[in-house]
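A.B. asks: Full structure from sequences and hints, please.
Chains as they are written, first to last, in the numbering used here: chain E, 1 to 360; chain W, 1001 to 1360.
Keep in mind that the hints were calculated from the coordinates and are not lab data.
Among the hints, a few may not be true.
[As the list claims (entries may be wrong)] Some chain W residues flagged as far from chain E (calculated, every beta-carbon gap over 12 angstroms):
#1 1063
#2 1239
#3 1260
#4 1353
[Stated by the list, open to error] Just some of the chain W residues that point at chain E, by a computed CB distance under 8 angstroms:
#5 1011
#6 1012
#7 1026
#8 1037
#9 1132
#10 1215
#11 1218
#12 1242
Positions of the beta carbon are idealized from the N, C-alpha and C atoms, including for glycine.
Number of protein chains: 2
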Amino acid sequence: MERVYNFSAGPATLPLEVLEQAASEMTNYGESGMSVMEMSHRSKDFEDILEKAKSDLKELLNIPDNYVILFLQGGASAQFSAIPLNFMNKNNKADYIITGQWAKKAFEEAQKYGDVKAAASSEDKTYSYIPKTTNEDFRDDIDYVYITGNNTIYGTKYNELPDTGDIPLIADYSSSFLSEPLDISKFGMVYAGAQKNVGPAGVVIAIIREDLLGNENKLTPIMMNYKVQADNNSLYNTPPTYGIYMAGLVFDWLKRNGGLEKMKEKNIEKANILYDYLDNSKLFKPTVNKEDRSLMNVPFVIGDDELEKKFIKEAQENGFVNLKGHRTVGGMRASIYNAMPLEGVQKLVQFMKKFEEENV
Amino acid sequence: MERVYNFSAGPATLPLEVLEQAASEMTNYGESGMSVMEMSHRSKDFEDILEKAKSDLKELLNIPDNYVILFLQGGASAQFSAIPLNFMNKNNKADYIITGQWAKKAFEEAQKYGDVKAAASSEDKTYSYIPKTTNEDFRDDIDYVYITGNNTIYGTKYNELPDTGDIPLIADYSSSFLSEPLDISKFGMVYAGAQKNVGPAGVVIAIIREDLLGNENKLTPIMMNYKVQADNNSLYNTPPTYGIYMAGLVFDWLKRNGGLEKMKEKNIEKANILYDYLDNSKLFKPTVNKEDRSLMNVPFVIGDDELEKKFIKEAQENGFVNLKGHRTVGGMRASIYNAMPLEGVQKLVQFMKKFEEENV
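C.D. replies: In structure tokens:
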């Protein structure tokens, strides 16, 4: 079978040339005589891979010098625990904005460790919008405010960050990381699971303002202690070396392709093609407020279970795969990450138009 | 450069044919039209990969039905916290046998969560032996006894397990996992980081007796809750899918190559070649008691810093790499995992003999 157009929400499509490079280096990387997978994490070759990945990421996101870059494990779900353990450390309080299932899970997990409040929520309308907040919505004495920057399941994103004053803002950007520029200086911590825009599952990238480190709860498991990870340059123990290597190849690909400004331009172009069609279709309907729409995850519905099943099946037969919506919300969803070519979106819309003609 | 003989302690050498298969499937796995790295962890293709890995592992180790097999993250160091959080749950007490740096780290981490005692230690002789224990050495009311089955840094292994009576025995077998048969029924839990005998770093395999699950500390981070992982078949969130795939390829390779009995035979043959030479060399000396020697990690010394440096350098130039001992103990160490061919050990010994002739 030919390679398909893979609209999976994650793990997700990766740039073909990155995969081809990985394949070509699989049994012998550079002059090393071995696979990156077989390399000691304390070898010079791996050290170079790690440092290049860090410096490329720093360049891509223009990360200020007072932030550390960590490569962690356990997915976003591990950070749901690590964040309160590391940062809920003055008054043991934090406010969360609940914009979807992942924010809610983070919120529920944080309740184990302190006084946590939902400052706002869009659960009333199935998380189809980003709730507006003002500084008044947050308690004065909290240690941080937590948001999910892009909501994979519901297809919403923050276009304007909540005003939290001096209170550190912590954000999960798993599903839109590196899809456009992001002003890191506005955050206490930004993190992302790699398996959307960056590389294989099993790597989390965390970018943390240094002054926030070092006041963790005494019961913090050592691997969740961000200060320990920072002091050891993500090498407290063996990190997921191959995943870091793949992430590095993707960072390099992003640089070769014009960086995040260019990526944003391409992503807007791709998303507009899909949203414009959805806004005018008689069959397919978008589900998200125009102003809150994600560039990465585009959910849509027909509103007829049988017809949706038929669409997903026929799409798959035509090489457009993983268009089924998240198991908790149904419908359809096209995840169009950085690595999804323009052509993939154009062809999908052509296919949808044809399906519409045949089924309206 | 040609592929080298890689004696790294981990990440470590992998079977060449496994790497070649991974390379050939990198851009398109089977009929999927995508890389395993790009596959949803809830897709049928990945489900098949996971189930085959589990059933092959179950077959290889003859794992009884009342044990669960988990694929986790965070390395052994994450389990150092997760083990007391999950299992120190009746009297909040556990005894540890300190046979090296990793056992000591596990012991120190467990002190955060309960009353932990070192029941025995071989620290007095730089961990060069396995301390003998009897049932009397353990406190009556402890929740578990913890050991490291094979000590990567010092090159020792348990040949006879401590008698713990009814108290569950928990063991880190990271560096000898799948190098020979292991009677899982003797343990409450056996676990191993993948990056020695199994696959890439970033995957931990845990095999846990089911009746021990479900009594975790209330503060256990959700990703460290073994019951949650078991209830979700290691899919509570996105697991390290590519690492699991690689582990599966290695399990399949082990099955094709005669399973663990055959592996043990080969590993004994390889280790004997090296130990026999070391026991008779006038230059190189082994560091471990004969009865406690690891089949996987073979440390040795010359006892002359300059000559050791010269040996490591010349070995590297001749394609025998990563022979430097762990940074905390110095000397040399040859890690000869399953994937190290007999020929690699034979050629290393030839090279050592030549070096001995030239330098004695």
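A.B. asks: Give a verdict on every hint.
C.D. replies: Here's how the hints hold up against the structure:
1. Every Cβ of chain E is farther than 12 angstroms from the Cβ of residue 1063 of chain W; the closest lies at roughly 24 angstroms, confirming the non-interface assignment.
2. With a least beta-carbon separation of about 7 angstroms from chain E, residue 1239 of chain W fails to lie farther than 12 angstroms from that chain, contradicting its non-interface assignment.
3. Annotated as non-interface, residue 1260 of chain W keeps its C-beta farther than 12 angstroms from every C-beta of chain E; the closest such distance is 22 angstroms.
4. With a minimum CB-CB distance of about 23 angstroms to chain E, residue 1353 of chain W clears the 12 angstroms threshold, and the non-interface call stands.
5. The closest approach between the C-beta of residue 1011 of chain W and any C-beta of chain E is roughly 6 angstroms, which is under the 8 angstroms cut-off, so the hint is satisfied.
6. Checking residue 1012 of chain W against chain E: minimum C-beta separation of about 6 angstroms stays under 8 angstroms; hint holds.
7. For the restraint placing residue 1026 of chain W at the interface with chain E, the shortest Cβ-Cβ distance is roughly 4 angstroms, inside the 8 angstroms limit, so the hint holds.
8. Interface restraint check for residue 1037 of chain W: the shortest CB-CB distance to chain E comes to about 5 angstroms, inside 8 angstroms, so the restraint holds.
9. At a threshold of 8 angstroms, the smallest CB-CB gap from residue 1132 of chain W to chain E is about 30 angstroms, leaving the interface hint violated.
10. For residue 1215 of chain W, the interface hint is violated, the least distance from its beta-carbon to any beta-carbon of chain E being 16 angstroms, above 8 angstroms.
11. The closest approach between the C-beta of residue 1218 of chain W and any C-beta of chain E is roughly 7 angstroms, which is under the 8 angstroms cut-off, so the hint is satisfied.
12. Given hint, residue 1242 of chain W at the interface with chain E, holds; its Cβ is 4 angstroms from that chain's nearest Cβ, closer than 8 angstroms.
Of the numbered hints listed earlier, those contradicted by the structure are 2, 9 and 10.
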